[in-house]
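Just so you know, the protein sequences line up as chains A and Z, in that order.
Mapping of the first sequence onto my numbering: residues 1 to 182, in sequence order.
Mapping of the second sequence onto my numbering: residues 1 to 331, in sequence order.
Since the hints were derived computationally from the structure, they do not count as laboratory data.
Incorrect hints may appear among the rest.
Below 30 Å or equal to it, Euclidean Cα-Cα: the simulated DSS-like pairs (lysine-lysine) are [as the list claims (entries may be wrong)]:
1) Z/Lys256 to Z/Lys314
2) A/Lys6 to Z/Lys39
3) A/Lys2 to Z/Lys282
4) Z/Lys282 to Z/Lys314
5) Z/Lys256 to Z/Lys282
Pair by pair, the computed Cβ-Cβ distance ranges are [claimed, not checked]:
6) A/Met1 to Z/Gly183: 29 to 35 Å
7) Z/Asp124 to A/Arg69: 55 to 61 Å
8) Z/Ser285 to A/Arg146: 40 to 46 Å
9) A/Asp24 to Z/Gly137: 34 to 40 Å
10) Z/Thr254 to A/Arg69: 38 to 44 Å
11) A/Arg153 to Z/Ala311: 45 to 51 Å
12) Z/Glu63 to A/Ala40: 55 to 61 Å
13) Z/Gln58 to A/Tyr138: 34 to 40 Å
14) Z/Gly137 to A/Met1: 53 to 59 Å
15) A/Asp122 to Z/Arg202: 37 to 43 Å
16) Z/Pro208 to A/Tyr138: 43 to 49 Å
Idealized CB from N, CA, C, for every residue including glycine.
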Amino acid sequence: MKISFKVNGAARELDAPPLQRLLDALRLVLGLTGTKEGCAEGECGACTVLLDGEPVNACLVPVGQCQGREITTVEGLGAAGHLSPLQRCFIDHGGAQCGICTPGVLISAEHLLRRNPDPDDDAIREALAGNLCRCTGYQRIIESVRAAAVLRRADARDVGDPRDVGDARGARDVSHDRQEAP
Amino acid sequence: MNRFTYARAEQVGDAVSAAMQRRAATFIAGGTNLVDLMKENVARPDHLIDINRLPLQQVEETEDGGLRVGALVTNADLAYHPLVEARYPLLSRAILSGASAQLRNMATTGGNLLQRTRCFYFYDTATPCNKREPGSGCPAITGQNRNHAILGASEHCIATHPSDMCVALAALEAVVRVTGKGGERRVPFAELHRLPGDMPERDTTLEPGDLITAVELPPGRFAEHCTYLKVRDRASYAFALVSVAAAVELAGGTIKEARVALGGVAHKPWRDRTAEALLRGKAASTEAFQEVAEALLQDAQGYRHNGFKMALAKRAIVRALGEAVSGRQAS
Ligand SMILES: Cc1cc2nc3c(=O)[nH]c(=O)nc-3n(C[C@H](O)[C@H](O)[C@H](O)COP(=O)(O)OP(=O)(O)OC[C@H]3O[C@@H](n4cnc5c(N)ncnc54)[C@H](O)[C@@H]3O)c2cc1C
Ligand code: SF4
Ligand code: FES
Ligand code: FES
Numbered sequence: 001m002k003i004s005f006k007v008n009g010a011a012r013e014l015d016a017p018p019l020q021r022l023l024d025a026l027r028l029v030l031g032l033t034g035t036k037e038g039c040a041e042g043e044c045g046a047c048t049v050l051l052d053g054e055p056v057n058a059c060l061v062p063v064g065q066c067q068g069r070e071i072t073t074v075e076g077l078g079a080a081g082h083l084s085p086l087q088r089c090f091i092d093h094g095g096a097q098c099g100i101c102t103p104g105v106l107i108s109a110e111h112l113l114r115r116n117p118d119p120d121d122d123a124i125r126e127a128l129a130g131n132l133c134r135c136t137g138y139q140r141i142i143e144s145v146r147a148a149a150v151l152r153r154a155d156a157r158d159v160g161d162p163r164d165v166g167d168a169r170g171a172r173d174v175s176h177d178r179q180e181a182p
Numbered sequence: 001m002n003r004f005t006y007a008r009a010e011q012v013g014d015a016v017s018a019a020m021q022r023r024a025a026t027f028i029a030g031g032t033n034l035v036d037l038m039k040e041n042v043a044r045p046d047h048l049i050d051i052n053r054l055p056l057q058q059v060e061e062t063e064d065g066g067l068r069v070g071a072l073v074t075n076a077d078l079a080y081h082p083l084v085e086a087r088y089p090l091l092s093r094a095i096l097s098g099a100s101a102q103l104r105n106m107a108t109t110g111g112n113l114l115q116r117t118r119c120f121y122f123y124d125t126a127t128p129c130n131k132r133e134p135g136s137g138c139p140a141i142t143g144q145n146r147n148h149a150i151l152g153a154s155e156h157c158i159a160t161h162p163s164d165m166c167v168a169l170a171a172l173e174a175v176v177r178v179t180g181k182g183g184e185r186r187v188p189f190a191e192l193h194r195l196p197g198d199m200p201e202r203d204t205t206l207e208p209g210d211l212i213t214a215v216e217l218p219p220g221r222f223a224e225h226c227t228y229l230k231v232r233d234r235a236s237y238a239f240a241l242v243s244v245a246a247a248v249e250l251a252g253g254t255i256k257e258a259r260v261a262l263g264g265v266a267h268k269p270w271r272d273r274t275a276e277a278l279l280r281g282k283a284a285s286t287e288a289f290q291e292v293a294e295a296l297l298q299d300a301q302g303y304r305h306n307g308f309k310m311a312l313a314k315r316a317i318v319r320a321l322g323e324a325v326s327g328r329q330a331s
């Protein structure tokens, strides 16, 4: 079955069995291996992607249901050297250890912050309830999201003042690049 | 997974007639339960009918002041719908207490009603299970039965229905609209799911080919005084050990009508109108709630690992009714 959809803003077309898991279409067919497989049955959230802006488990979504729709994977949040504030905060605050859960956690957190720029810890916990992590004990994930919310609100304010945009963003990117390549 | 063919239905009539032509034809909606069951070889459809394009995505007000919810409305869209939040907060809370954000975004109203039990023997094709293989036996009765039924079970099956949404729909006395062989019909919610008896392979009273098109809610009378209390092993993202949907209509200080539906205790959302009637015309009090709880559980039977559910359910009922009456939902 021919399926055309948008992945991270780019139009993609593939020929796949309709029940092929979106997870396999992304990883095996499109080569987007950022999205991870954990439990394969909807429990762990490692495979979380946005479908038309809403988080879903790519291990349970048949790709046939994505016809004409828009998908965002972790690759769509930012790339090495151009990480988003959210991604940077996970590095800075130890929100990622083995990294298996991280792409899914980032997607759920991104969705939360788009809707709620200033979430309290309960809101963060509830938004991440469908994402299991065996390494961090969650506290550092929550701190990372909290820090990202602060950064994003600061960024949003920067945009309000045209003089600050280039400087503020550029400065943070540079400092971050240094941390990323030790 | 077995081999199957796949087709998308564009019209309700086409979906139903396609389903009637093949014995093992199955509808697929959000797929969050079916895809899993197919992977485990528990569900083995020979033909899949994708119903996601059917025009069943609306939430509309009905003439009598109720709400009609299309079968394809997602659990997330329904829970956050402004009319549901305002008039049926019980339903919003029940839905949001279930699964995860990711799952609720895919899961549909029709699929939630027809999701299958979470009994692990049912999922494990290496073990017998009367629900999966009629006549093969029920290992849960003497095995791992912590999550199993204490009400309405049979010697053939002690599984529970896992849905939270359905417990609220039972309390609200929803009506299910079904299109099948004989055209359209309306099924009262209490008659949709069935007890296992000697046919545990049948979860519901629906016939092959029946398509759920909508769920209708009668006008909301319980928005002020309702609660959904879910007791589970973790605070979020687990199936209920016991859940209670309680809704009360008050006139002055006395109870005009009370509804209590239980989840996690039976093969279907459990209600007992005789027990509920005990509250009618009474002043709200802990003693009155305890009396209802005793009556609701009077025929309960525990198995080796789930006897605790009897006391748990009683306490949960008393607490839920108290919260419903006071209009405060503890989280
Ligand atoms: C990890 C996990 C945790 C979960 N936790 C909870 C929880 O805490 N509480 C809870 O209530 N639920 C929970 N769920 C279950 C979830 O709510 C259901 O899987 C979901 O509601 C099913 O909807 P669907 O649209 O994906 O159904 P599908 O998987 O598409 O279909 C399920 C069944 O319904 C049939 N069907 C679907 N639509 C129709 C229709 N319109 N007419 C006739 N037949 C139809 C299909 O043929 C199939 O047999 C959980 C699921 C998972 C995977
Ligand atoms: S309780 Fe029902 S579903 Fe579970 S093993 Fe027994 S027959 Fe199967
Ligand atoms: S891999 Fe999809 S939820 Fe675990
Ligand atoms: S960082 Fe290892 S599972 Fe979360």
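Distance restraint hint 29 to 35 Å, applied to the beta-carbon atoms of A/Met1 and Z/Gly183: Since the Cβ atoms of A/Met1 and Z/Gly183 sit about 32 Å apart, the hinted range of 29 to 35 Å holds.
Z/Ser285 versus A/Arg146 beta-carbon gap, inside 40 to 46 Å or not: 44 Å, holds
Beta-carbon spacing of Z/Glu63 to A/Ala40 - inside the hinted bounds 55 to 61 Å or not: 46 Å, violated
Range agreement (Cβ of A/Arg69 with Cβ of Z/Asp124, hint 55 to 61 Å): Violated, at about 34 Å.
Whether the CB-CB distance between A/Asp24 and Z/Gly137 falls inside 34 to 40 Å: 36 Å, holds
30 Å limit on alpha-carbon distance, applied to hinted pair A/Lys2 and Z/Lys282: 63 Å, violated
Consistency of beta-carbon spacing, A/Met1 to Z/Gly137, with hint 53 to 59 Å: 40 Å, violated
Pairwise beta carbon distance, A/Arg153 to Z/Ala311, judged against the given window 45 to 51 Å: 48 Å, holds
Restraint status (C-alpha distance of Z/Lys282 to Z/Lys314 at most 30 Å): 19 Å, holds
Supplied distance hint 43 to 49 Å, evaluated on CB atoms of Z/Pro208 and A/Tyr138: The hinted range 43 to 49 Å holds for Z/Pro208 and A/Tyr138, with Cβ atoms some 46 Å apart.
Assessment of proposed distance window 38 to 44 Å (beta carbons of Z/Thr254, A/Arg69): 52 Å, violated
Restraint status (C-alpha distance of A/Lys6 to Z/Lys39 at most 30 Å): 27 Å, holds
Hint check: violations occur at hints 3, 7, 10, 12 and 14; the rest are consistent with the structure.
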